[in-house]
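Protein chains: 2
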Amino acid sequence: MPTYLPLLAPTDGAVCCGTVTGSVISVADAERTARVFKALGDPTRVRLLSLIAASDDGEACICDLTEPVGLSQPTVSHHMKQLVDAGLATREQRGRWAYYRVVTDALDAASQALRP
Amino acid sequence: MPTYLPLLAPTDGAVCCGTVTGSVISVADAERTARVFKALGDPTRVRLLSLIAASDDGEACICDLTEPVGLSQPTVSHHMKQLVDAGLATREQRGRWAYYRVVTDALDAASQALRP
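Top line first, the protein sequences correspond to chains C and L. Note that numbering that gives the first Met the number 0 numbers the first sequence so that position 35 is 34, with each residue one more than the last. Note that numbering that gives the first Met the number 0 numbers the second sequence so that position 9 is 8, with each residue one more than the last.
Any given hint could be a false lead.
Residues from chain L shown here face chain C by an in silico Cβ test under 8 angstroms; the list is partial [what the hints assert, rightly or not]: (1) 24; (2) 26; (3) 37; (4) 40; (5) 45; (6) 49; (7) 50; (8) 70; (9) 83; (10) 86; (11) 89; (12) 92; (13) 96.
Derived DSS-like pairs: lysine-lysine, alpha-carbon spacing no greater than 25 angstroms straight-line [said to hold, decoys possible]: (14) L:37 with C:37; (15) C:80 with L:80; (16) C:80 with L:37; (17) C:80 with C:37.
Hints were generated in silico from the structure; no laboratory data involved. Every residue, glycine too, gets a C-beta built ideally from N, C-alpha and C.
Required output: the full structure, derived from the provided sequences and hints.
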């Protein structure tokens, strides 16, 4: 369930999914929200999400992500784990390689959290 | 000038303000974007922004921010400096106190950067 962050007090009624309209964000919601933004707060992870999202079928093999970001596979795996743990990407192991997809709903929830 | 991040390749034409439609984000843009999300990646800073945004006139004195987050004034000042440096808040010194406002355009740009 996405968490919406009323950073700016809504003026036009209730917002989807549990936001307490017009109130200051709770400590628990602030922690959940900050966790997502922390995962986004690194240029390599931003690039990785962008690369995956721009892939032809919206899916990228880790074997295709190392070269564009110029990092080793363990380092890319580490960054991807943080994105997966934050709910921003999914990981599927197929044979030798891990394949990643962006979780569009999570990005949209993060986007909504910043909207007036 | 806000930077828009094509995390998800746009499908409906150009996006405002310099996004290269449908392409993978550049290293420079990823760095600028990650800097903003890094500032948002802390629960205290999320709470501070929310508190300021929810203030009656959209402005909050640092003297009114310390108690709600339960931190000392130097610590709150430190967090606020990171938000100001990231362009997410403005600071105005009036007499003894600093007063802060949320930069709505910057939040909106960050929100846009995550939109499909």
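Results for each hint:
1. 24: holds (4 angstroms)
2. 26: holds (7 angstroms)
3. 37: holds (3 angstroms)
4. 40: holds (3 angstroms)
5. 45: holds (4 angstroms)
6. 49: Interface hint status for residue 49 of chain L: holds (4 angstroms vs cutoff 8 angstroms).
7. 50: At 5 angstroms from the nearest chain C Cβ, residue 50 of chain L passes the 8 angstroms test, so the hint holds.
8. 70: violated (12 angstroms)
9. 83: Violated. Min distance 16 angstroms.
10. 86: Not OK, violated: residue 86 of chain L not within 8 angstroms of chain C, min 13 angstroms.
11. 89: At 15 angstroms from the nearest chain C Cβ, residue 89 of chain L fails the 8 angstroms test, so the hint is violated.
12. 92: violated (24 angstroms)
13. 96: This interface hint is violated because 20 angstroms lies over the 8 angstroms limit.
14. L:37 with C:37: holds (5 angstroms)
15. C:80 with L:80: Outside the cut-off at roughly 30 angstroms; violated.
16. C:80 with L:37: holds (17 angstroms)
17. C:80 with C:37: Within the cut-off at roughly 13 angstroms; holds.
Checked against the numbered hints above, the structure violates hints 8, 9, 10, 11, 12, 13 and 15; every other hint is satisfied.
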